[in-house]
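Peer 1: Residue-level listing of the chains:
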Amino acid sequence: MDSMKFQNIYIEDAVSIAGPVEAEGKIHDFDFTMEDYYYHEKTFEQAEIKMQRVVIDQLLLRNHLVDRDISYLISGDLSNQISVSSYAAKYYRTSFVGIYSACASFVEGLIIGAKLLDGRSKKRALVLTSSHNLTAEKQFRYPIEYGAPKPKTTTFTATGCVGVILSKKESSLRVESATFGQSIDMGISDATNMGAVMAPAAAHTLMKHLADLKRSVDDYDLIITGDLGSVGVPIFREYLKASYGIKLKNHVDAAMELYYPEQNTYAGASGPTSLPLVLFGKILKARKYSRILILGTGSLHSPVFVNQKMTIPAIAHAVSLEVLS
Amino acid sequence: MNKDEYQKLVKQLTPKENRVRNAFVAFLGGGLIGFLGQVIITILMQNFGLSMVEASSWLCLILIAFASISTALGFFDEWVTRVKAGLIIPTTGFAHSITSAALDYKRDGFITGLGANFFKLAGSVILYGIISAFFFSLLGVIIYG
Numbered sequence: 001m002d003s004m005k006f007q008n009i010y011i012e013d014a015v016s017i018a019g020p021v022e023a024e025g026k027i028h029d030f031d032f033t034m035e036d037y038y039y040h041e042k043t044f045e046q047a048e049i050k051m052q053r054v055v056i057d058q059l060l061l062r063n064h065l066v067d068r069d070i071s072y073l074i075s076g077d078l079s080n081q082i083s084v085s086s087y088a089a090k091y092y093r094t095s096f097v098g099i100y101s102a103c104a105s106f107v108e109g110l111i112i113g114a115k116l117l118d119g120r121s122k123k124r125a126l127v128l129t130s131s132h133n134l135t136a137e138k139q140f141r142y143p144i145e146y147g148a149p150k151p152k153t154t155t156f157t158a159t160g161c162v163g164v165i166l167s168k169k170e171s172s173l174r175v176e177s178a179t180f181g182q183s184i185d186m187g188i189s190d191a192t193n194m195g196a197v198m199a200p201a202a203a204h205t206l207m208k209h210l211a212d213l214k215r216s217v218d219d220y221d222l223i224i225t226g227d228l229g230s231v232g233v234p235i236f237r238e239y240l241k242a243s244y245g246i247k248l249k250n251h252v253d254a255a256m257e258l259y260y261p262e263q264n265t266y267a268g269a270s271g272p273t274s275l276p277l278v279l280f281g282k283i284l285k286a287r288k289y290s291r292i293l294i295l296g297t298g299s300l301h302s303p304v305f306v307n308q309k310m311t312i313p314a315i316a317h318a319v320s321l322e323v324l325s
Numbered sequence: 001m002n003k004d005e006y007q008k009l010v011k012q013l014t015p016k017e018n019r020v021r022n023a024f025v026a027f028l029g030g031g032l033i034g035f036l037g038q039v040i041i042t043i044l045m046q047n048f049g050l051s052m053v054e055a056s057s058w059l060c061l062i063l064i065a066f067a068s069i070s071t072a073l074g075f076f077d078e079w080v081t082r083v084k085a086g087l088i089i090p091t092t093g094f095a096h097s098i099t100s101a102a103l104d105y106k107r108d109g110f111i112t113g114l115g116a117n118f119f120k121l122a123g124s125v126i127l128y129g130i131i132s133a134f135f136f137s138l139l140g141v142i143i144y145g
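Heads up: the protein sequence lines correspond to chains A and B, in order. In terms of this note's numbering, the first sequence has 290 at position 290, counting the first letter as 1, and numbering is strictly consecutive. In terms of this note's numbering, the second sequence has 70 at position 70, counting the first letter as 1, and numbering is strictly consecutive.
Hints are computed from structural coordinates only; laboratory data are not their basis. Idealized CB from N, CA, C, for every residue including glycine. Hints should not be assumed to be uniformly reliable.
In silico DSBU-like cross-links for lysine-lysine, where the CA-CA straight-line distance does not exceed 30 Å [said to hold, decoys possible]:
#, chain 1, residue 1, chain 2, residue 2
1, B, Lys16, A, Lys138
2, A, Lys241, B, Lys11
3, A, Lys152, B, Lys3
4, A, Lys247, B, Lys11
5, A, Lys26, A, Lys122
6, A, Lys247, B, Lys3
7, A, Lys138, B, Lys11
8, B, Lys16, A, Lys247
9, A, Lys282, A, Lys152
10, B, Lys84, A, Lys152
11, B, Lys3, A, Lys241
12, A, Lys249, B, Lys3
13, A, Lys152, A, Lys241
14, B, Lys16, A, Lys214
15, A, Lys208, B, Lys8
16, A, Lys122, A, Lys5
17, B, Lys8, A, Lys241
18, A, Lys288, B, Lys3
19, A, Lys208, B, Lys11
20, A, Lys247, A, Lys285
Some chain A residues flagged as far from chain B (calculated, every beta-carbon gap over 10 Å) [what the hints assert, rightly or not]:
#, residue
21, Asp2
22, Lys5
23, Lys90
24, Tyr91
25, Gly98
26, Gly119
27, Lys138
28, Thr153
29, Pro200
30, Leu210
31, Leu213
32, Glu238
33, Val252
Here are some chain A residues pointing at chain B (derived, C-beta under 10 Å) [what the hints assert, rightly or not]:
#, residue
34, Glu45
35, Asp67
36, Arg68
37, Pro143
38, Ile144
39, Pro149
40, Pro151
All chains should be modelled from the sequences, with the hints used to inform the complete structure.
Peer 2: Right under this line is the structure:
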């Protein structure tokens, strides 16, 4: 069995920042919102570094901690060489673990953090991901101001940053079990249709998680996928049914929960922050669900391989959360 | 499910682009630019005493300046997204591609940033434009002598 179970790992606190478009969307309950994409910095990249620092500082401040109280800073983002995370990490006296699973980075970070703290350790880990629409756009697609017509399958990289503190200190949110996914390539080479790229990976990880832990989808009150979007969701459900015989009832996709349709975000949100923004901004605040499975989904492409017409591998990681009252 | 079956499923569940509507919008948008160009040429010829050739060059400059300035002001990309190929194919699209790339790299240094990426999108147009111009002139020389 590759899946893991954790005994007493808790999410002590979470802090989120939402970008200007996200702040005007369906969810209003964020710790901070940005008025513009520059966030009082000179470049978009520097703005994203500042977003990470604001989240880390707020997490430390609110929990009366200093940077040395955190043993591991586990963070990732979408910039080349995850440089945003690395440049933000240099301000803290903390062991830094840089990670990349594209838009599944947040869930990957949660699993690594939970595993590092498992056992007798009394340490704390800070798991963090950020994405900035314009740094990602510039890198993965066209120049920012270039108005290339986009197909309906395109997703819109959410701007935001979400960080959590993992520790043994009992809180209302427990990290119960987790499954790392496989890198799966089903022959899609269209980088503007990431929903179709990621759907098989999401389905495979879900199947593996349920099989490993001998569970069914009914054991969860809610299953949240990261950023499949309006195109990926029907493909995901259909594929899950056809390949593994799993019928989903209690499923939402975070990509569809962030924006109003009139915000022109095509198939919905994407990026590593789409899932945690929705999870902490809406799902957990609703207090309706006690067992939640989060499935972060990531398309592992790079502009170089897309130009070389390679088909795109995708990844999905799963974490089961227990809400304690 | 194997890869072929999956691609079929994806094709079946992916929303179709409305090509007829897009083509119509592009036709109207591009046509409007053409109409506007003709109006400007006529004004230039009648009021400034320019010849047809001179007026065409001035028109080109006016359209380029207009597209570049409105790209820098931040609203041209929304028009392009709406009008699609109608604004990309004319010279406005070329100016837009250069200005937007320049804006992206303005903070990355004059040589390694701005200079190196200035023709990021327009480079292909220039390269293949020059190559096809060469072959078409060659063809012209062969046919007409």
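Peer 1: Could you run down the list of hints and mark each one as holding or not?
Peer 2: Verification of the hints:
For the proposed pair B:Lys16 and A:Lys138, the alpha carbon gap of about 26 Å is at most 30 Å, so the pair holds. For the given pair, A:Lys241 sits about 17 Å from B:Lys11 by alpha-carbon distance, which is consistent with the 30 Å threshold. This hinted pair checks out: A:Lys152 and B:Lys3 have alpha carbons roughly 23 Å apart, not beyond 30 Å. Between A:Lys247 and B:Lys11 the CA atoms are separated by roughly 21 Å; this keeps the pair inside 30 Å, and the hint holds.
Note on A:Lys26 and A:Lys122: the hinted pairing is violated, with a Cα-Cα distance of about 38 Å set against a maximum of 30 Å. Restraint check for A:Lys247 and B:Lys3: satisfied, since their Cα atoms lie roughly 21 Å apart, inside the 30 Å limit. Between A:Lys138 and B:Lys11 the CA atoms are separated by roughly 28 Å; this keeps the pair inside 30 Å, and the hint holds. A threshold of 30 Å between alpha carbons decides the hint, and for B:Lys16 with A:Lys247 the separation of about 26 Å falls inside it, so the pair holds.
A hinted pair counts as satisfied when its Cα atoms are at most 30 Å apart, and A:Lys282 with A:Lys152 qualifies at roughly 26 Å. This hinted pair checks out: B:Lys84 and A:Lys152 have alpha carbons roughly 14 Å apart, not beyond 30 Å. Distance check on the hinted pair: B:Lys3 and A:Lys241 sit about 16 Å apart at the alpha-carbon level, within 30 Å; holds. Straight-line distance between C-alpha atoms of A:Lys249 and B:Lys3 comes to about 26 Å, which keeps the hinted pair within the 30 Å bound.
Only pairs whose Cα atoms come within 30 Å are accepted, and A:Lys152 paired with A:Lys241 is accepted, the gap being roughly 25 Å. Distance restraint check for B:Lys16 and A:Lys214: the Cα-Cα separation of roughly 40 Å exceeds the 30 Å cut-off, and the hinted pair is therefore not satisfied. As the CA atoms of A:Lys208 and B:Lys8 are separated by approximately 24 Å, the hinted pair is consistent with the 30 Å bound. The straight-line distance between the Cα atoms of A:Lys122 and A:Lys5 is roughly 18 Å, inside the 30 Å bound, and the hint therefore holds.
For the proposed pair B:Lys8 and A:Lys241, the alpha carbon gap of about 15 Å is at most 30 Å, so the pair holds. Annotation: proposed proximity of A:Lys288 to B:Lys3 is violated, straight-line Cα distance about 38 Å (limit 30 Å). Pair hint A:Lys208 plus B:Lys11 holds up; C-alpha atoms about 26 Å apart against a cutoff of 30 Å. A threshold of 30 Å between alpha carbons decides the hint, and for A:Lys247 with A:Lys285 the separation of about 27 Å falls inside it, so the pair holds.
The beta carbon of A:Asp2 sits about 22 Å from the closest Cβ of chain B, which is more than 10 Å, so the claim that it is off the interface holds. Distance check on A:Lys5: its Cβ is at least 30 Å (rounded) from any Cβ of chain B, clearing the 10 Å threshold; non-interface status holds. Chain B leaves A:Lys90 outside its interface by the beta-carbon criterion, the shortest separation being 20 Å against a cut-off of 10 Å. A:Tyr91, annotated as away from the interface, keeps every beta carbon of chain B farther than 10 Å; the closest lies near 21 Å.
At roughly 23 Å from the closest C-beta of chain B, the C-beta of A:Gly98 stays outside 10 Å, upholding its exclusion from the interface. For A:Gly119, the condition that its CB be more than 10 Å from all CB atoms of chain B holds, with the nearest at approximately 40 Å. Interface exclusion of A:Lys138 from chain B breaks down, the closest Cβ pair being 5 Å apart, not more than 10 Å. Listed as outside the interface, A:Thr153 is inconsistent with that label: its C-beta sits roughly 6 Å from the nearest C-beta of chain B, within the 10 Å cut-off.
With a least beta-carbon separation of about 7 Å from chain B, A:Pro200 fails to lie farther than 10 Å from that chain, contradicting its non-interface assignment. Even its closest Cβ contact with chain B, about 18 Å, leaves A:Leu210 beyond 10 Å, as expected for a residue assigned away from the interface. A cut-off of 10 Å between C-beta atoms confirms that A:Leu213 is not in contact with chain B; the least separation is 24 Å. A beta-carbon of chain B comes within 10 Å of the beta-carbon of A:Glu238; the shortest separation is about 6 Å.
Chain B leaves A:Val252 outside its interface by the beta-carbon criterion, the shortest separation being 18 Å against a cut-off of 10 Å. Here the hint on A:Glu45 is kept, as its CB sits about 9 Å from the closest CB of chain B, short of 10 Å. Checking A:Asp67 against chain B: minimum C-beta separation of about 29 Å lies over 10 Å; hint violated. A cut of 10 Å between beta carbons decides the hint on A:Arg68: the least distance to chain B is about 34 Å, and the hint is violated.
Satisfaction of the interface hint for A:Pro143 is found here, the shortest Cβ-Cβ separation to chain B being roughly 4 Å, below the 10 Å cut-off. Given hint, A:Ile144 at the interface with chain B, holds; its Cβ is 6 Å from that chain's nearest Cβ, closer than 10 Å. At a threshold of 10 Å, the smallest CB-CB gap from A:Pro149 to chain B is about 4 Å, leaving the interface hint in force. A cut of 10 Å between beta carbons decides the hint on A:Pro151: the least distance to chain B is about 6 Å, and the hint holds.
Of the hints listed earlier, those the structure fails to meet are numbers 5, 14, 18, 27, 28, 29, 32, 35, 36, in rising order.
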